[in-house]
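As given, the protein sequences belong to chains C and P, one line each in that order.
Numbering follows my numbering, with no gaps: position 38 of the first sequence is 38.
Numbering follows my numbering, with no gaps: position 309 of the second sequence is 400.
Rather than coming from a laboratory, the hints here were simulated on the basis of the structure.
Among these hints, one or two may not hold up.
[Stated by the list, open to error] Listed next, the in silico SDA-like pairs over lysine to any residue satisfying Cα-Cα at most 20 Å (straight line): (1) P:Lys219 / C:Ala19; (2) C:Lys30 / P:Ile207; (3) P:Lys248 / C:Ala19; (4) P:Lys405 / P:His433; (5) C:Lys30 / C:Lys43.
[Unchecked claim] If you anchor each label on the Cβ, the simulated ranges turn out as follows: (6) P:Lys219 / C:Glu11: 21 to 27 Å; (7) C:Glu11 / P:Trp250: 20 to 26 Å; (8) P:Trp250 / C:Val42: 43 to 49 Å; (9) C:Gly44 / P:Phe373: 34 to 40 Å; (10) C:Arg68 / P:Ala357: 47 to 53 Å; (11) P:Glu361 / C:Pro14: 44 to 50 Å.
Computed from a predicted structure; not experimentally measured.
By construction, the Cβ of each residue, glycine as well, lies at the ideal position given by its N, Cα and C atoms.
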Amino acid sequence: MCLAIPGQIVELFPDQPTAAMIEVVGVRRKVDLGLLQDNLPVKGDWVLIHVGFAMSKISEEDAIDQMRMLRMLGEAEFAMEEVEGYGLEDS
Amino acid sequence: MKFVDEFREPEVITKTAEEIRRLADPDRHYRIMEVCGGHTHAIYRFGLKDLLSSNIELIHGPGCPVCVLPMGRIDDGLSIAQDPNVIFAAFGDMMRVPGTTGSPLEHKARGMDVRIVYSPSDALKLAKNNPDRHVMFFAIGFETTAPSTALTLVRAKEWGLHNFSVFCNHVTIIPAIRAILDSPDMRIDAFIGPGHVSTVIGCRPYEWIAKNEHKPVAVSGFEPLDILQSIVMVLRQLKAEQAMIENQYKRVVPWEGNSAALRAIAEVFELRPYFEWRGLGFISQSALRIKESYAEWDAEKRFVVPGVRVTDPKAAQCGEVLKGVLKPHQCKLFGRECTPEHPIGALMVSSEGSCAAYFNYEHRKTEMVTSISSMA
Ligand code: SF4
């Protein structure tokens, strides 16, 4: 359960309004947008992800800082392991 | 300060540290509690303590969800998974947390079907992919994580998935802060508020701390500069004899919180009359349980749960450390019987636990210094 992982929305699905494909340092996974229903992000937006759910929108600059901080905390590897772990049905 | 150079803005860090020194009255001792385990981890990792004068004491709060869970709850969850038809799914953080008869990982080694998931929705998919089995998700976390579990349960109901349940251990941060303030052996001057919990609940729920208890709160981000700035904020308030809630983490935390997340919590969960916290004892209305309308997916209703209370091993002082009364290294077991490799208490397991953070950054540092100086 990492602090929060920054990711960029790279694809939205018209048939699944609460799902998005995000990219975190080259890794693509589907996350849930249900918690941002009131303020849905669009393609290209950056979000903070917690346990597979986008929690808040952030700026690109803050996303870069957040990743850098995870790296400094020694959490970046866990974060990537977490992201890679998302989306059982695709595996 | 060996880490200053790798910080994003080293000059700003140095300036902020100077400002802290200027603001702090040398004749006064300050006790500032960082509520969140993520902050505890960052404070140790970045050696922030070394930037502060000795009269500013950072007290580690109860904001590590794995650490505050009493051992009895782990035992209860594992007892449900004794049924060979049940798959026990939990976050990786839970896997090495000791129960009375071992951790989930040790139970797995003895044949229990234990799976790591990274998201509650993946536990749900596990249920979908295993229609003949029952998947029980062992849910932990504060308000940051509870909305994700809530939405997962909403989806379970929508999909009509009946072989899935949640063993709910979600806790809420405000009653824990209240318990700490009510505790006679605690004296806290100000709080560094949890950033990611606040993305969900916003800043308003802390207002009573300022209004009724007259303690400053700064809701803080997790970078070194964020934490130092938050310390500046509360020291300024203390100097001016003010008490209010300041939002240092504005770039992520909206004052009002996240309405969709709060709605998800309200749809699925209600407050338990009371819940036991390791170290803090029973705290009323401090945890969430699943509402009657979702009873079918509530593991505590679907299965027989022993509900035994287990006391921690006698010499373990997790409770005192959790309350901030003792520092991690003051526990009799610290670094001897209890290490990250062989944890006795949960505070030594989770990266957000203060014992693990202290061990990994402070203890190893001192050990290195001692071994180098003994070589010389
Ligand atoms: S050292 Fe181990 S037993 Fe002692 S407080 Fe920390 S986790 Fe608990």
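Hints, one by one, checked against the model:
Note on P:Lys219 and C:Ala19: the hinted pairing holds, with a Cα-Cα distance of about 18 Å set against a maximum of 20 Å. Of the pairs offered as hints, the one joining C:Lys30 and P:Ile207 holds, with about 18 Å between alpha carbons and a cut-off of 20 Å not exceeded. Only pairs whose Cα atoms come within 20 Å are accepted, and P:Lys248 paired with C:Ala19 is accepted, the gap being roughly 18 Å. Taking the CA atoms of P:Lys405 and P:His433, the gap is near 17 Å; set against the 20 Å cutoff, the hint holds.
Distance hint between C:Lys30 and C:Lys43 is fulfilled; the C-alpha atoms sit about 13 Å from each other, no more than 20 Å. The supplied range of 21 to 27 Å is met by P:Lys219 and C:Glu11, whose beta-carbon atoms lie about 22 Å from each other. Checked against the given bound of 20 to 26 Å, the beta carbons of C:Glu11 and P:Trp250, roughly 23 Å apart, stay inside it. Between P:Trp250 and C:Val42 the C-beta distance comes to about 27 Å, which lies outside the given range of 43 to 49 Å.
Between C:Gly44 and P:Phe373 the C-beta distance comes to about 48 Å, which lies outside the given range of 34 to 40 Å. Checking the proposed 47 to 53 Å range against C:Arg68 and P:Ala357 shows it is violated: the Cβ atoms sit about 36 Å from each other. Evaluation of the 44 to 50 Å hint for P:Glu361 and C:Pro14 yields a failure: the beta carbon distance comes to about 35 Å.
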